[in-house]
Every structure is written in C-alpha cells, then in structure tokens.
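In case you want the letters, here they are:
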Amino acid sequence: MTGQAGGDKGFSPKILVFSTHNISDPGIDLAGSSHMHYPPTVLVTSMPCSSGIKPEWILYAVEKGFDGVFLATDGEECAYLPDCAERTSHIAREAQELLRQKGYEPQRVRMSGICSVCAEPFTNHMKEFSEALKKLGPVRKE
Amino acid sequence: MSDRRIGVYICHCGGNISDYVDVERVREAVQNEPGVVVARTAMFTCSDATQQEIVQDIKERNLDGLVVASCSPKLHLFTFRNAARRAGLNPYQYTQVNIREQCSWTHTDDRDGATEKAIRLIRAGIARTILTEPLEPIIIDTVPKVLVAGGGIAGLRAAIGMADIGISVFLIEKSPAVGGWIGRLEKMYPHGRNGRQLIDKLVDEVKKRENITLFTNAELVEKSGNIGDFNVKIRVSGQGDKKDDITANVGSIIIATGFDSYQPGAGEYGYGIDGVITLPEFKELLDSSDGIPARNGKAIKDVVYIYCVGSRQQPDRENPNLYCSRYCCNAAVHASLLLAEKNPKSHQYHLFRDVRTYGRYELLYSQSREAGSTYLRFGEDDPPAVERCSGGKIKVTVKDLLTFGEEVEIKADIVVLVTGMVPRKNGELVDVLKLPVGRDRFFNEIHPKLRPVETVVDGVFICGACQGPKNSAESVASALAAVTQSASILKKGYVELDPLMASVNPQLCDWCDECVKVCPYSAIEKGEEQGKEVARINKTGCKGCGGCVPVCPREAIDLKGYTDAQIKSMIDGFLKETF
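Chains as they are written, first to last, in this note's numbering: chain L, 554 to 695; chain U, 39 to 617.
Hints are all accurate, no fakes.
Below are the BS3-like pairs computed for lysine-lysine, each with C-alpha atoms no more than 30 angstroms apart in a straight line:
id : chain 1 : residue 1 : chain 2 : residue 2
1  : U       : LYS614    : L       : LYS688
2  : U       : LYS529    : U       : LYS212
3  : U       : LYS614    : L       : LYS694
4  : L       : LYS655    : U       : LYS614
5  : L       : LYS680    : U       : LYS614
6  : L       : LYS617    : U       : LYS614
The set of hints was computed from the structure by calculation and includes no laboratory data.
One chain only, chain L, in its complex shape (with noise of 0.2 angstroms):
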C-alpha cells in the first residue's frame, strides 16, 4: 500500500472504523451516495452496536498495522442500550491504556457520535483523523 514506511509524504494512513449497522453505518453510506470524499485508505466494519467493541481489537488492528482506529457510536439513538454513548467511551479510554502500555501514541483511537444523516461530520472526522495521523506518522517506524 502506498507509503507503508516510512513517514514520507506519501503516507496516507490507514484508519480502522468501528461503525454500527443501523445509526452510523448509514450515515457512512450517504456520504458515498452524496459521492463526499475521504482517503481511500479508511476501511469501514459494522457492528450491533458500538458497546461490543473488544479494547483488545482496537490494540490488535494497531499491532497489525491500522494506523488509526476510529469508533463511529450511535449516541443516544442507540437501539440497544441508553447509555451506548458512556460505554463506548469507556472502551475508547481502556484501548487508549492498553496502547500506552505497548508504547503507541493513545491519540490513535479517537470516537465521535455518528448518525444516519451524519455523512458531512463523518467525512471531515477522516479528512481531521487522516491529517492528524500523518503529522504522528506511521504506526509501523521500521
């Protein structure tokens, strides 16, 4: 993939993305109907919901490679559970810990709520992460 090494300028990062079937899921999808663009190298992967997220996932997708992990929640939309919103967060602040303790950078795991008209919030939080993990550089030094 493009710019995998190094922290050359043509590192384009590679961002993992937590969203949920019913609320953030198809705000992702109306900003690729409104043909909104983001980098190609986000890839998305939809859930339940958000409070199933594994802490253990978002250190697994760093180790193997993903630059970035992005949690899209449902807020209080949430079908399943009111306080979808807290748990989640406290998901995003335990991988935050586990990341710390391998020694990468906890500002690789951010959360924003995301819902199902949310296509235009959700392209600026890709663009914002995607610049944001460039200036870190690569998760992978060697």
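Mind docking chain U on chain L? Use the hints.
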C-alpha cells in the same frame, strides 16, 4: 489454509462500481484467498440471472459460504441471504461487502485507491465468512398497530388503508386541522374535482373507522424499540401551554409529513412588490372569488407567470434546489385556465424555461393556449426583470428566446411566481426518527425504484411529498405502497431478527457476574455446566447488542457473527498486502 468452500461475486453495478473500481483486478486479487473456490464478476449481481448463477454454483460446487461485494447491505443483504437459502445454504453464512457506498462512490477521484480498498474489504469479508456457522433467526411478534404522521391527503389515505386491513391506526397531525394542502384547494385537475371535498370525504371515512385514533396539534417526540415493536410518545398541545404526552406501542410508522411551498426571498423576481404573489397565493385568490377575480378592487386582466421559482436553481447559489418540483407547470397552467374561465377577457403571459406538462397534463397546456395564453421562453442566465410602474401596474421585461431574443415588456396587474416544493422544516422529527435526508433535503428511500417507500430505519416508511415533489395522485399511490409494505410485516404477525446473540464459552467462564451487571435486558443468569457455575444467555431476552462482550475479564463471551476470531481475522484481511 481453510477447508471452507466459498463463492465470491463482485458486482459492476452497471458502472456504479466498475467505473471507479477495476473489478477484474479485484477478482484476480481475491480468487486465490484461502477458502475461495469460485470468484466471479457480474454486471448486476442482484439480477435474476446472476442470482440463479449463484444458486447453481452453491448447489453444484457445494459451497458453504457466500460473499457478494456490491452495494450497502441495507439494499441487498436480504436478497442474497434469500438466494443462499434457496440454494440450501444457511443465510447466516453469507457476508455482504459494501464496495459501492463505502468504496466506489466515495472514492470516485482515486481509481487505484478504490480498487485496493475493494480488495481489502472483500478479503475481510472472506475472512469473516470462513468463521461463520449456521444460525437460525429469532422470531419477534409484531404489534398490529401503526403510527401515521401527517394528516394530508397521503396520511389520511394511508390511515384508512391500514385500518381496512385490520391494523389499528394512530394518526397524528401537527396543525389544528387535517387536510394539508389539498384541503385548501377548490377546483383541481382532472374533472374539476374539488380538493376540499376530497379531503372531507376522506375525513368522513376516517370517522367511520373505530380503529383510527386521530390526534391534531400532535407531534411525535420520542421513539424507541425496533421494527414490529416500537414505543412512541405523542405530544398533544391543548389550550395555552397545556401539553399532554401519550405513549403508544406500534409495529410500524408511516411518515407522510408533506412539503412546504417555496418562499421567495425579498426582491426575488420582484417579490415584495404589491401584486407579485406566489402560486399558492394566486390559487387562493382564484378559489375565493365568485365573479371576476380582483385585487385591490380592480379586476385582474393582465397576468404574468414566472416559472421555475425555487426549482432548478443555479448550482452556484447557496443550498440550491436543483430539482424540478414537477407539479408547478401543471398547477400554473391549470390556474390560468381557471382565470380564463372566470375572466374571458384576461391576457395571460407564461414566462417559462421549459414547460413540463407531462402525460395527460399536456392536454391542459393545449387548452390554455387555445384559451389565449401566450408562452414566452427565457434563458436561465437571463431571467425576467420585475419592477413597479405607474398606475398600480407591474412592468415585466423579458428576452423571448422563441423570437430570437426579442425584448418584450408586459404591464401586468399581477405577477404569479410559480413556486415549487421544498422539504418541510421538521428538524425535530428528523431528530426523533433519525431518518436520512438526501442532498435535496427530502427524506430518502432505500432504493428509488425497487424499495421506494422503505427507509434505512427498519419499520419506518415514507410516502407523499415528504420524500420529494409529487402531485396528489402520486402521493396517494405512494401512501398505498407504504400501507402494503407496512401491512405485509404486521399481518404476518412476526419479524425475523438476526440471531446475533451473545454466547458464553463455559470452559472459560468462572462466573464473576460482571456481564450480568451490564445487561439492561436481564438476559444473563447463573447456570451450571458440568458441575461448574457459569453465565448462561437467555435466548429470548438477549437483543444481541454485545455490550457484555468487552466486560468479560475471561474473554469468555462472543457475539455470534462478530466473534473475537472473526473480528481479528477481518483485521488481518484488511491489512494483507494488496498486490
């Protein structure tokens, strides 16, 4: 390596994907992935022919896993799950990979990037599929009740339709009276049908039905639950500040909240000058006059219509309405015929960009010309100028493209701005329902052709002009489509939900009760396995949120379909070198 037998199908989507993603390169890159025994591309994977091919492959090659890389699962997850089922493959051994909304369409500017991404997404999909197991769906009983929001012609007709199928209806209308736009109209096309009378007739029908409960001054303020079993809160405003909240349990929701008429800005085609009015204002003026329509005590004789006001706007404006509002040409031509009837001595000038009197409305257009209307065409970059002039007249100057740009000056008694439809301002409702709106800010359906009244929120349907410009006949047709879709769920009596429940590995579990504390559904209880205390998941209580998964200190809980092994193998699949 894997001993699974997986089929992978990559869709061109008729160019929607293949214009931006090199699908053949994608196919080559994934065909030798572990577990893959067949990898094909197709112009339209959802077509009958390709589905048939998939079914045949599953049967003949004895496939035990299926991956289709095409559009969002919101569109075709069930299409391909059903194809799998028809072929005898468990539908939960199917994975849909979204390479359209989340790949080709969002990376139209980067073919190599989009192609690489598609490969990564599909590899993760294959990795997930390798670890699937056959599952059976959870059955949920549906509540035989519906909430219809909006009491215009679409909402009223939908309410009656649902009631006649035997579904109880809560019909809510935000304003003090039902009827919407049509309830304010007199003569309509065709046959000179009276809008007010049409609505009165529908209201009578509503009153006759005991299973319809109508609330006016009412709004939907809260919604929770799932398809088949929603809890809604309706806020009814009474006298003064008095507000009552009513809660109801419904199986589905139909949204028929209609449109607003475009409101021209000050000075837009002279709007603000006395005598420059919008199309709805003109129709009201015509409907309310018995004899010759007059304004300020003076008979209306010379009328100028300016078409496409608020529609087909220039893209360089702020938030332009790019769409055609579809009804306004017909409505303006019809209004001009009404005036010609009431005042045969009137002179009417239609300044248009394009006349779109489609279908039978073409007859109206011909009639209006026979009745003396004059049509002048202006260019979008050279709009007519509207000014006040002496004697209470309004001067309109236009370059007529039909006479090679001759400048024409008309002194009019009134100028009618043929205003289009805009989405209603109902931000609160959007917030409550979380319904997606399109670029035009109307509500979005799942698929404009194949699933025109369904939304991404399962169990919530849209109809009428809240979805985009429609005339009343089209609104009613879509209302009845929403009735059919909604009733097909509620009459069946149950919906099938994904069996994506938590499951406990009793070997790892040593019953610390952390999971019990975080489950809001009380779906986890103490059980026993080979003499050992372990957590046990209650299958009807578990909603499959996965909230217990990350809290287990022993990593003993997995969510089916999203297991620890699956997620990790997907991450590996995402990151494998592409070429």
